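Chain H is already provided as a structure; the job is to place chain C on it using the hints.
If you read the sequences in order, they're chains H and C.
If you're matching positions, the first sequence starts at 1 in this note's numbering and goes up one per residue.
If you're matching positions, the second sequence starts at 1 in this note's numbering and goes up one per residue.
None of these hints come from the bench; they were simulated from the model.
Computed from a prediction, not measured in an experiment: that's the story for all the values here.
There may be inaccurate statements among the hints.
In silico DSS-like links for lysine-lysine, alpha-carbon gap of 25 Å or less [said to hold, decoys possible]:
| hint | chain 1 | residue 1 | chain 2 | residue 2 |
| --- | --- | --- | --- | --- |
| 1 | H | Lys44 | C | Lys48 |
| 2 | C | Lys48 | C | Lys62 |
| 3 | H | Lys75 | C | Lys62 |
| 4 | H | Lys44 | C | Lys84 |
| 5 | C | Lys62 | H | Lys101 |
| 6 | C | Lys62 | H | Lys62 |
| 7 | C | Lys84 | H | Lys75 |
| 8 | C | Lys48 | H | Lys48 |
| 9 | H | Lys48 | H | Lys75 |
| 10 | C | Lys20 | H | Lys48 |
| 11 | C | Lys101 | C | Lys75 |
| 12 | C | Lys48 | C | Lys101 |
| 13 | H | Lys75 | C | Lys100 |
| 14 | H | Lys62 | H | Lys75 |
| 15 | C | Lys48 | H | Lys20 |
| 16 | H | Lys100 | C | Lys75 |
| 17 | C | Lys44 | H | Lys62 |
| 18 | H | Lys44 | C | Lys44 |
| 19 | C | Lys101 | H | Lys48 |
| 20 | C | Lys101 | H | Lys84 |
| 21 | H | Lys75 | C | Lys75 |
| 22 | C | Lys101 | H | Lys75 |
| 23 | C | Lys84 | C | Lys62 |
| 24 | H | Lys62 | C | Lys48 |
| 25 | C | Lys48 | H | Lys75 |
| 26 | C | Lys101 | H | Lys62 |
| 27 | C | Lys20 | H | Lys100 |
Derived coverage of chain H by chain C (criterion: at least 3 residues anywhere in the stretch with Cβ under 8 Å from a Cβ of chain C; other residues may be distant) [as the list claims (entries may be wrong)]:
| hint | region |
| --- | --- |
| 28 | 47 to 57 |
| 29 | 64 to 77 |
Note that CB positions come from ideal geometry on N, CA and C, so glycine has one too.
Here's the letter readout for the chains.
Protein chains: 2
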Amino acid sequence: MEEHQKHRNPNDHIVLVGDKPFMNYVTGVVMQFTTQNANEVVIKARGKFISRAVDIAEVTTKRFLEGTVDTAGIKIGSEDFENKEGRQVRVSTVEITLIKK
Amino acid sequence: MEEHQKHRNPNDHIVLVGDKPFMNYVTGVVMQFTTQNANEVVIKARGKFISRAVDIAEVTTKRFLEGTVDTAGIKIGSEDFENKEGRQVRVSTVEITLIKK
Numbered sequence: 001m002e003e004h005q006k007h008r009n010p011n012d013h014i015v016l017v018g019d020k021p022f023m024n025y026v027t028g029v030v031m032q033f034t035t036q037n038a039n040e041v042v043i044k045a046r047g048k049f050i051s052r053a054v055d056i057a058e059v060t061t062k063r064f065l066e067g068t069v070d071t072a073g074i075k076i077g078s079e080d081f082e083n084k085e086g087r088q089v090r091v092s093t094v095e096i097t098l099i100k101k
Numbered sequence: 001m002e003e004h005q006k007h008r009n010p011n012d013h014i015v016l017v018g019d020k021p022f023m024n025y026v027t028g029v030v031m032q033f034t035t036q037n038a039n040e041v042v043i044k045a046r047g048k049f050i051s052r053a054v055d056i057a058e059v060t061t062k063r064f065l066e067g068t069v070d071t072a073g074i075k076i077g078s079e080d081f082e083n084k085e086g087r088q089v090r091v092s093t094v095e096i097t098l099i100k101k
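So here's chain H without its partners, still in its complex pose (with noise of 0.2 Å):
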C-alpha cells in the first residue's frame, strides 16, 4: 500500500490516471457517482498526467455532472522511487477529489 493511501478507508472511491484513453477515466468517475452512489471520488496522478487529471475533474464537473459535483480540494506532492535504470528519481503527484453536492 502506497504511504499516501495508509490513512484512507479502503472503501473510498479512487481513480488513478494513467495512458488509457481519456473518456474512459471520465466515465469511470462519472460511473462511481451514478451506479456506485459514491458521494466522493478521488482522481489521483503522477507527472505528466497530472495534466490529465485536472482535464477529466472539469470535464467531470463542467459538463456531464455539472451541477451535482463540485471539486472540493486539491493536493500536490512528491514521491522518490527508483527508476528502471536504478536511479532515484522525484515525480509530482496530484490528488483532487470530487465530491457529490
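This is chain C only, laid out in the frame that chain H set:
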C-alpha cells in the same frame, strides 16, 4: 486582461508557465520571494503545462525554499478559446499559490 486576473492586484507576483527550460521558472519563482521580497507568488498554467506548474511548485517548496515557502492553495478551471483552425476548444487551467511562512 484575462478574465481570471481581473480581481488581482496588479502588483501580485505571477509566473506563467510555458515551454522555456524548467529551471527558468523555478529561478523566477525563487527570485520573486528572495530578491523581490514577495510574500505570495502565483504559478499559472494551461493544458499540458499544468504538470509542469506542479513540478515547479514542488521543487520550489521542497528543495530551494524548503521551510520558508509553502503551497497555500490550488485552483483549477477551464477556459474556452478559438484555436488556429477557428474551432472553439476548451482547455484546463491551474493556479498554484505559494506563500512565505
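Now the hints, each set against the structure:
1. Lys44/H x Lys48/C: At roughly 16 Å apart (the allowed maximum being 25 Å), lysine 48/C and lysine 44/H satisfy the hint.
2. Lys48/C x Lys62/C: Holds, at roughly 22 Å.
3. Lys75/H x Lys62/C: 14 Å, holds
4. Lys44/H x Lys84/C: Given pair lysine 44/H, lysine 84/C is violated - Cα atoms ~32 Å apart, limit 25 Å.
5. Lys62/C x Lys101/H: At roughly 34 Å apart (the allowed maximum being 25 Å), lysine 101/H and lysine 62/C break the hint.
6. Lys62/C x Lys62/H: 32 Å, violated
7. Lys84/C x Lys75/H: Cα-Cα ~34 Å, so violated.
8. Lys48/C x Lys48/H: Holds, because 8 Å separates the two Cα atoms, which is no more than 25 Å.
9. Lys48/H x Lys75/H: Answer holds: lysine 48/H to lysine 75/H is near 16 Å, not above 25 Å.
10. Lys20/C x Lys48/H: Status holds; Cα separation ~17 Å.
11. Lys101/C x Lys75/C: 20 Å, holds
12. Lys48/C x Lys101/C: Cα-Cα ~30 Å, so violated.
13. Lys75/H x Lys100/C: 18 Å, holds
14. Lys62/H x Lys75/H: Given pair lysine 62/H, lysine 75/H holds - Cα atoms ~20 Å apart, limit 25 Å.
15. Lys48/C x Lys20/H: 17 Å, holds
16. Lys100/H x Lys75/C: 18 Å, holds
17. Lys44/C x Lys62/H: At roughly 20 Å apart (the allowed maximum being 25 Å), lysine 62/H and lysine 44/C satisfy the hint.
18. Lys44/H x Lys44/C: 20 Å, holds
19. Lys101/C x Lys48/H: 29 Å, violated
20. Lys101/C x Lys84/H: Given pair lysine 101/C, lysine 84/H is violated - Cα atoms ~37 Å apart, limit 25 Å.
21. Lys75/H x Lys75/C: 10 Å, holds
22. Lys101/C x Lys75/H: It holds: about 18 Å lies between the C-alpha atoms, which stays within 25 Å.
23. Lys84/C x Lys62/C: 38 Å, violated
24. Lys62/H x Lys48/C: 19 Å, holds
25. Lys48/C x Lys75/H: Holds, at about 18 Å.
26. Lys101/C x Lys62/H: 34 Å, violated
27. Lys20/C x Lys100/H: Status violated; Cα separation ~39 Å.
28. 47 to 57: holds (count 8)
29. 64 to 77: Result for this restraint: holds, n = 5.
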